[in-house]
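**Q** Read off the chains here:
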Amino acid sequence: MANWLAERCRVLWNRPVAERTWRMGLDSSAVALRIRPGQFFMVRLDREDPLLGRPYALYQVVEWPSATLGKALEFVYLVVGRQTALLTELRPGDELDIWGPLGNGFDVLPDSQELWLVAGGIGQTPFLALLQEITGARAYGLSPDRARPRWPIGSVRMFYGARSARYLACLGDFKSTGVRLSLATDDGSVGYAGPVTEPVAAELARVDASEVLVVGCGPEPMLRRLADVCRERGARCFLSLETPMACGYGACFSCVVSVRTGDGHDYRRVCVDGPVFDAEWLVEGGSGKAGQ
Amino acid sequence: MSQADITLEVAIGTLKLQNPILLASGTCGYVHEMVGAVEVEQLGGVIPKTVTLHPRKGNPPPRTVETPCGLLNSIGLDNDGIDHFIEHHLPALRGLRTNVIVNVAGKSVAEFAELCRRLDGQTGVAAIELNLSCPNVSGGIDYAIDPACTREVVSACRGSTRLPLIAKLTPNVTDPRPIAVAAVEAGADAISLINTVLGLAVDWRRRKPRLGAGLGGLSGPAIKPIALRCVWQVARAVDCPVIGIGGIRTIDDVMEFLVAGARAVQIGTANFFDPTVGPRLVGQLRGALESIGARTVAEVVGTLRL
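One line per chain: the protein sequences are D and X, in this order. 159 is the number that the numbering used here gives to position 159 of the first sequence; each next residue is one higher, with no gaps. 1010 is the number that the numbering used here gives to position 10 of the second sequence; each next residue is one higher, with no gaps.
If you're looking for bench data, these hints aren't it; they were derived computationally from the structure. Careful: at least some of the hints might be erroneous.
[Stated by the list, open to error] Pairwise CB distance ranges (calculated): (1) D:R10 x X:L1304: 39 to 47 Å; (2) D:N3 x X:E1087: 19 to 27 Å; (3) D:G93 x X:G1283: 40 to 48 Å; (4) D:R10 x X:W1204: 56 to 64 Å.
[What the hints assert, rightly or not] Away from chain D, derived, C-beta distances all over 10 Å, residues of chain X: (5) T1027; (6) G1036; (7) K1057; (8) P1068; (9) I1075; (10) E1087; (11) D1189; (12) P1221; (13) A1237; (14) C1240; (15) M1255; (16) T1269; (17) D1274.
[To be verified] Some chain D residues judged to face chain X by a derived CB distance under 8 Å, without partners named: (18) N3; (19) A6; (20) W99; (21) G172; (22) S254; (23) V256; (24) V272.
Using N, Cα and C, we set each Cβ at its ideal position, and we do this for glycine too.
Can you make the complete structure from the sequences, with help from the hints?
**A** Laid out in structure tokens, this is it:
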């Protein structure tokens, strides 16, 4: 049986936080209570064009006394197309439809000595809630026992890359968790000058990589490079994917990626079998062509 | 008259539905994906994703692309085959407390007949819908573009099962009427239409189709006028129930299809962007019937005046 619900939500806040990057808070009664770090939900405006909902990762749930159940569901979005452009026009009190929580989330991560979170651009959004649970600052979902931190915050690192300093969003939120944060920008305006995967590769060479679990979220070329780096160095790697999705809950079979099977490859739905996958299970490129 | 005097029951041949709202094949997965969030027991029935004789991996992604007021898809009948369906999905579907209509597609007449034979002895199967019209199966044949092929397939299926047979037809033809007539003459108990409209989305900078498989099938509100036209044409041409499909997302859409000649409707793409739409439309149907003084669905069916 499915564990998600659909609800209409009032917008509580919606404001820019970085270049083309906004954060929106929703008065959610159903999704906010259930969602776990690494899960996502679908957001849709009540109109026929654009027609479909779009998936957004949980950023955080915050205490919000004026909300129906005293909780606000927050997501952070990059303006990339028509729907995200329309989202920026919403004001507090406006309504939209959401359904969730969806996907497996970070509960599927295996235990490890160290946990390294690697974010590319808007791929940073799933990691805040995970860090909050690790520090004990927040508990997510209906079963608080699942929220027991599996890593002391001292064994957690985060690498966050963006195209320039102007695109780095919500740094204060991440810093406040106490995580050791390393930044990278393509133009060198802050931190390492170049792809975020390169400082990860360099750091993995300095430690016993077999004790490190690397978790990546970001653009596909970055994730591919990250998986290669981890394989070369001997670190385990999990990736949180995003693919074109029509429904988000397993009905449409659109969002598939190619995974290795005993006799070659098969497709799996990112929305129900992911979005978090063991990188070793994925066929490179995800299209299945490499596996045929 | 009050809403309590209104009955929503409809009959599709020997199949009795508590109301005419069904969920279309390919738009509700195997239904367990939505149970808990969607009150499927409120529906007239559900039609799980197409089952084929052998497992199919489906088409390479991207499998869907959004177009104005529509969705272009090329999933490619990704499914694990009839054995897996009967073993793993059917037991869960039997527990749903609504009608389960199983949609099948074969690559040959013999495969269609075999699929029907396999389902014939299964409890919990209310009817079989024949997917004669999926546009996304490479190497396969779209049987429902030709009356003779349609007749041959439906006839073979009729000989393989006593379950009600619904022939699902394509709009990708000059005239759907001769094909519908052939299906009914060969033993179909009902006609459902339309399947998706064949289309193409282009990424002109890369000079490539936006879908991994190239062509795809268009669905959603964009195709509703085409679907209404096909339903109206076919309902006047055949002497059996017609089930309308294509862009339905509101109670007005449902009523339009009933008036055009549909005795039941299937909700398709709307399940993707409005997952609880089906039960909501069931709840709104009595009010819509009452507003025009109708006591039954049948009173409204095919009342379009030109």
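**Q** Each of the hints needs a verdict: does it hold here or not?
**A** To see whether the hints hold, each was checked on the structure:
1. Take R10 (chain D) and L1304 (chain X): their Cβ atoms lie about 41 Å apart, and the range 39 to 47 Å holds.
2. At roughly 24 Å, the beta carbons of N3 (chain D) and E1087 (chain X) sit within the given window of 19 to 27 Å.
3. For G93 (chain D) and G1283 (chain X), the Cβ-Cβ distance of about 27 Å falls outside the hinted range of 40 to 48 Å, so the restraint is violated.
4. Checking the proposed 56 to 64 Å range against R10 (chain D) and W1204 (chain X) shows it is violated: the Cβ atoms sit about 40 Å from each other.
5. With 10 Å as the threshold on Cβ separation, the claim that T1027 (chain X) sits away from chain D is violated: the shortest Cβ distance comes to roughly 6 Å.
6. Distance to chain D contradicts G1036 (chain X) as a non-interface residue, since its nearest Cβ pair spans about 4 Å, not more than 10 Å.
7. Consistency note on K1057 (chain X): stated as away from chain D, yet its beta-carbon is not over 10 Å from all of that chain's, at 6 Å minimum.
8. Remark: the non-interface label on P1068 (chain X) conflicts with the geometry, its nearest Cβ contact in chain D lying 5 Å away (cut-off 10 Å).
9. Against chain D, the non-interface label of I1075 (chain X) is violated: not every CB pair exceeds 10 Å, the least being about 5 Å.
10. Distance to chain D confirms E1087 (chain X) as a non-interface residue, since its nearest Cβ pair spans about 18 Å, more than 10 Å.
11. Even its closest Cβ contact with chain D, about 27 Å, leaves D1189 (chain X) beyond 10 Å, as expected for a residue assigned away from the interface.
12. With a least CB separation of 5 Å from chain D, P1221 (chain X) falls inside the 10 Å interface cut-off, contrary to its annotation.
13. For A1237 (chain X), the condition that its CB be more than 10 Å from all CB atoms of chain D holds, with the nearest at approximately 31 Å.
14. With a closest Cβ-Cβ approach of about 29 Å to chain D, C1240 (chain X) is found to remain outside the 10 Å limit, as its non-interface label requires.
15. No beta-carbon of chain D is positioned within 10 Å of the beta-carbon of M1255 (chain X); the least distance is around 18 Å.
16. Against the 10 Å criterion, T1269 (chain X) falls within the reach of chain D, whose nearest CB is about 8 Å from its own CB.
17. Non-interface status of D1274 (chain X) relative to chain D is broken: a Cβ of that chain comes within 10 Å, the nearest being about 7 Å off.
18. Residue-level restraint check for N3 (chain D) holds (minimum Cβ-Cβ distance to chain X is 7 Å; threshold 8 Å).
19. Interface restraint check for A6 (chain D): the shortest CB-CB distance to chain X comes to about 5 Å, inside 8 Å, so the restraint holds.
20. Against a cut-off of 8 Å between C-beta atoms, the interface hint on W99 (chain D) holds, since the closest Cβ of chain X lies about 6 Å away.
21. Against a cut-off of 8 Å between C-beta atoms, the interface hint on G172 (chain D) is violated, since the closest Cβ of chain X lies about 35 Å away.
22. Of the supplied interface hints, the one on S254 (chain D) holds, with its beta-carbon coming within about 4 Å of a beta-carbon of chain X, less than 8 Å.
23. Against a cut-off of 8 Å between C-beta atoms, the interface hint on V256 (chain D) holds, since the closest Cβ of chain X lies about 6 Å away.
24. Hint on V272 (chain D) holds. Least Cβ distance to chain X is approximately 7 Å, under the 8 Å limit.
The earlier numbered hints that this structure contradicts are 3, 4, 5, 6, 7, 8, 9, 12, 16, 17, 21.
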